[in-house]
Structures are given as structure tokens and as C-alpha cells.
Amino acid sequence: MFSLRLPIPIENTLITPPPKSNYNNICNSSLCAHSYSSYSHSQTNRFLTVTNVALQKNGNSVGDSKDTVTHPFPEELNAEPLPRHVAVIMDGNGRWAKMRNLMPSAGHQAGAEALKEMVRLCASWGIKVLTVFAFSTDNWIRPKVEVDFLMSLFEKTINSEIDDFNREGIRISVIGDATKLPSSLLRMIKYAEESTKENSRLQLIVAVSYSGKYDVVQACKSVAKKVKDGILDLEEINEGIIEQELETNCTEFPNPDLLIRTSGELRVSNFLLWQLAYAELYFNGALWPDFGKDEFVEALISFQQRKRRFGGR
Amino acid sequence: MFSLRLPIPIENTLITPPPKSNNNNTYNSSLCAHSYSSYSHSQTNRFLTVRNVALQKNGNSVGDSKDTMMQPFPEELNAEPLPRHVAVIMDGNGRWAKMRNLMPSAGHQAGAEALKEMVRLCASWGIKVLTVFAFSTDNWVRPKVEVDFLMSLFEKTINSEIDVFIREGIRISVIGDASKLPSSLIRMIKYAEESTKENSRLQLIVAVSYSGKYDVVQACRSVAKKVKDGILDLEEINEGIIEQELETNCTEFPNPDLLIRTSGELRVSNFLLWQLAYTELYFDGALWPDFGKEEFVEALSSFQQRKRRFGGR
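Residue numbers (numbering that gives the first Met the number 0), protein chains in the order written: chain L, 0 to 312; chain E, 0 to 312.
Treat each hint with caution, since some may be false.
[Said to hold, decoys possible] The calculated DSBU-like cross-link candidates involving lysine-lysine, where the alpha carbons are at most 35 Å apart (straight line), are: (1) LYS212(L) x LYS189(E); (2) LYS179(L) x LYS212(E); (3) LYS196(L) x LYS212(E); (4) LYS115(L) x LYS212(E); (5) LYS179(L) x LYS224(E); (6) LYS179(E) x LYS179(L); (7) LYS97(L) x LYS306(E); (8) LYS306(E) x LYS155(L); (9) LYS306(L) x LYS225(E); (10) LYS224(L) x LYS224(E); (11) LYS225(L) x LYS212(E); (12) LYS306(E) x LYS212(L); (13) LYS179(E) x LYS306(L); (14) LYS224(L) x LYS225(E); (15) LYS212(L) x LYS179(E); (16) LYS212(L) x LYS115(E); (17) LYS115(L) x LYS306(E); (18) LYS224(E) x LYS227(L); (19) LYS292(L) x LYS306(E); (20) LYS212(L) x LYS212(E); (21) LYS224(L) x LYS227(E); (22) LYS212(L) x LYS224(E); (23) LYS224(L) x LYS212(E); (24) LYS227(L) x LYS212(E).
By construction, these hints were calculated from the structure, which means they are not laboratory data.
Working from the sequences, and respecting the hints, build out all of it.
This is the structure:
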């Protein structure tokens, strides 16, 4: 009845929430312990949002919204199935800005806010991996002004979120071709990955200068090198070998169960290609900065109605 | 005005159709000549369908529908853009049969008829490549009765269509892991590929015992072997090198512009993965045996409204 992997909707329990304990201990506990930790954390935070005083013990200001990051599990959703890994093509920032007579940079800024909200929702509702397509290898052709702004935005956003991530048990990983990134961004990425690597509540994978084809090419190069060096035989090359070399090897769950693309385009645009083999696809007309909790709930409802057969009957 | 690559809608011309000439010469002519050949053939066949007597010269029975294969270009569509390569996940045969209290085999039989119609439509309207997902590596788990029936159906259908293909300028290629196929089917495939290899009006690629992951794995093995044998350097491995090894190297246009999936599921189910990077996706609720001309026109109409940016603005 109670899925061990998901935060339990408060409405379904009669258990009194335990006293609030140190967030870092709860969120940094091992993967095996995450279920009860997530449950107690979500219970605790619901009480935090409702009665901002009684359980506040760690000295942060009561009005600080970063302490009340947990969103209650939506009533419209069943406890399961929930996608373990959600991927998002965050499309529409440019159009969002254009509609408001703003520069693309304003759209990307708004998009960053939508991403922060998405991270909080995923962490709240027990999704284990969230992979987002921040910048494609194909996006380097965009105007330099826009590209430079994006690189700077990535750096600023990662920097401003590291503390929250550590507090909320969120691990950040970045995949993509690092060779083209500014060195200050590279340093920020390394620092963020190192700081958050023990966190286990949610893994946020940000794809920057990434593409599905790039990923397959680099995996193939790695495999070819192992064969050349005599570490691997040709006959041993199979799906598992390729998967180990793809950049999604940074996570235990490399294949998205659900891919969301915003702004109405129906294509995958060279995002994860191998990894999307059996992903349920969900397309939403909303522009990315406008994609929020309601839209995400709709996507999850759609996912819950899918019949997944994986080739069988 | 007149796109050289497409049959011209009859309604837009004042040219009297030329006398019907030998079909084999018309259809096996080179790629460069196909436009006029297609035009004259579509004109001719429209008259054939309307007045079945006057132009009938080659001795086939008037009622033989195979002589009237050409379908006029739909009025609802613009002359361009048209997808050069259309891919189809032919889903829904099983459900179609179940709804009628029939065995899955009846659904697959009906699906074969829908495929024949799809081939005719593509050939008529100037689409150059049609790739269909007939059987996945993941489908081997289906009940043996069903799998055996499908293997037999593939063999019979290829056999019965070879003459039509030769007459209509259709080239057939089969991609997938041949090692699991019955030897009689393999022989039929080889014969069909050999017989039709000079045809250039439409290339029909049938994916049997295929999957996108299988394709990448075998490409990676080929590349690794070339590196091991000293034919290729590691540093030379790039997207182009991988593409040359994928099984879609049997065609000049390996990447679908449009993917159609029938029966309402929203996923790509391990079909072409690499090749779908920039494909426009179209999902139709119709079950595959019910997918006909009207549904295809809707799909093409949808394609014509897409804004393709390939990563740029």
C-alpha cells in the first residue's frame, strides 16, 4: 500500500510527524534510507508551511521561502506510477521574450526561474532524476550575445543554487562537451558537482553543449579505444557496453521514463537519443517560462495513463 | 512554380497527357528523369481510372488495380514542403484484431494491406524514402505463433509485391539483425533487394528484427574494428563516420523528416534513434490497419505547418 519509494500524501496517513531534525542529515542519507527520510521531510515541511513557528529550529528566518521548498503531493495524482527519471526540453524562452518585446536574455532568465521551480517539484514528489536540455551542441550557432549570456546565466544560477541543493539533498551533474565552455563556468560546474555529490534525494542532470549524437560518438570513441588497447574484445560490444560509456553513466537511472517538451514543437531535437528509446513523450504548448506546477501535474497525469509494453503484448 | 520533384496536380495544368508508354522504361529511368516520368504517369493513370479503355495498351486486365496505382496529389496539400523521407511505426494491428474478436494474425494481415496502400501513396506523391517498423528486436518476446505468422507474412508479402515494385520503380531494402530470421525469409529478402536495386522512384526500407540500439551497437562494432585494423584513427571518429556504419547507409537520405506513429502511443519504442534527431513527430490515434489516404494527408498537412529550426533561431 505505501510505496516505499514515494513521499506519502499527508491525507492518507494517521502518523504524527516526527520532530524536525537537521535537513542535511535527512537529505544526505544513503539511497536505501531515502524513503522514510523523504516521508518525514515532506511531513515536516507541510507543517512548516502551515505553522511557520513551532518547528522552526535552525535559525533561518521564518519568511525565507527557501526553507519551505516542499510542495505537497498533488491530490490529482496517484501515488504511482511516477516516472523515476523525468527529462525536459525547455523550449520557448525566446518566443516568451519576443511576445513581451524583450530580448531573448529575459526569456532565458525567466526560464531559469521555471527550472528552479521544476527542481523543487521533483524533489518534493519523489522523482529521482531530472535531466534538462539547457544548451545543445547545435545551439552554438545562435548569436554570440545570446550564447555569452547563457553561459553567464548558467554560472550565476549554479552558484546561487548550490547552498539550496546541499540543504535539500539535490545532487547536480553536468553532461556535454566541456571543451567549448568558458573556463569560469567549467570551474563552477566542477565545484558544484563536488559539493553536492553525496546528495541523494534528487539528481539534477544539466545538459550543456550536449547532444544525443555527440554522446553516442564519444561513447563509440571510448569503446573503440578499449578495443584498441586490448581491454575489450569486439564480440563483447553490446548495449550494456555502450550504456556504460554514455554520459548518462553519472546516474543509476540513465533512461528517462517521461520526456516533456514545451512550446508545442513535436521533435526531440538531438537531445538524449539512445536513452529515449522507451520514454513516454509528452508535448505541451506552454512556453517554458510559463511551465509550472499545474502543467507538470498534467504531464504526470498523462504519464500515469500510459500503457507501457516495451515491445511485448 | 512546378516543383520538379513532385507529380503535378492534374488540376493545375493545361498539358494534354502524352500517349501511354512502356511502364518499365518510364519507371526504371534515372533519378534525373523521374519528374517528367512521374508527371506523365500520373496524368496517364488519372485517365486510366476515369476511362478504363482508351489508353490501355499493355495487355493487363482493365480491372487490375495494380495498373492504376497512382493516386493524384491531394488538393489539400501544398506542393512543398513534403518530407523526403517518411518513417512509420505501424502500431495497432493487435488491438484492431482484438476489437473484432480476431486473432492478432488477422490484424497483421490487415496491416499489410495498409502498408501496400502507404507505399502507393508515397510513390504517387514523390516521397523518396519510406521506412517502416515491421518487427523490433524487442518483439521476439511475442508468442511464437504470432512471430511465426509474421515471418511468414513478410515472406509472402514481399514475394507478392516484387513484380509491382519492379513495374512501379520501387526499390526494397531490409534492415535489421538478419541472424534471427528464418532462412527462407532471408533468401526472399536477398532476391527482392537484388531484383529491385536499380529502381529509383521510391525506396521502401523495411525494418525487420531491428532496433535503434541494435543499429548503434553494430555501427560501433564496425567502427571499433576499423580502428583495431588500423583503417581508422580514434580521432577521426565523428558523426559522419557513425552514420556511414548505421544500417540506413543503404539510402542517400537516411534521416526521416517525418515519423508517423499510429494507435495513439507517444513513444518511439527503440525504432530509429540516431536518425530521428531532427524528425518531426506525428501521432495519430488510428490503428494501423485503419490508417489510409486521409490520415496520411493529415500527417503531411501537419508536417507542412512545422517550423524546423535545427537548433538555430
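Cross-check of the supplied hints:
no. : hint                  : result
1   : LYS212(L) x LYS189(E) : 31 Å, holds
2   : LYS179(L) x LYS212(E) : 28 Å, holds
3   : LYS196(L) x LYS212(E) : 30 Å, holds
4   : LYS115(L) x LYS212(E) : 33 Å, holds
5   : LYS179(L) x LYS224(E) : 30 Å, holds
6   : LYS179(E) x LYS179(L) : 44 Å, violated
7   : LYS97(L) x LYS306(E)  : 16 Å, holds
8   : LYS306(E) x LYS155(L) : 32 Å, holds
9   : LYS306(L) x LYS225(E) : 42 Å, violated
10  : LYS224(L) x LYS224(E) : 11 Å, holds
11  : LYS225(L) x LYS212(E) : 20 Å, holds
12  : LYS306(E) x LYS212(L) : 22 Å, holds
13  : LYS179(E) x LYS306(L) : 28 Å, holds
14  : LYS224(L) x LYS225(E) : 11 Å, holds
15  : LYS212(L) x LYS179(E) : 28 Å, holds
16  : LYS212(L) x LYS115(E) : 33 Å, holds
17  : LYS115(L) x LYS306(E) : 29 Å, holds
18  : LYS224(E) x LYS227(L) : 9 Å, holds
19  : LYS292(L) x LYS306(E) : 28 Å, holds
20  : LYS212(L) x LYS212(E) : 13 Å, holds
21  : LYS224(L) x LYS227(E) : 9 Å, holds
22  : LYS212(L) x LYS224(E) : 20 Å, holds
23  : LYS224(L) x LYS212(E) : 20 Å, holds
24  : LYS227(L) x LYS212(E) : 22 Å, holds
Hint compliance for this structure: hints 6, 9 are not met, and every other hint is.
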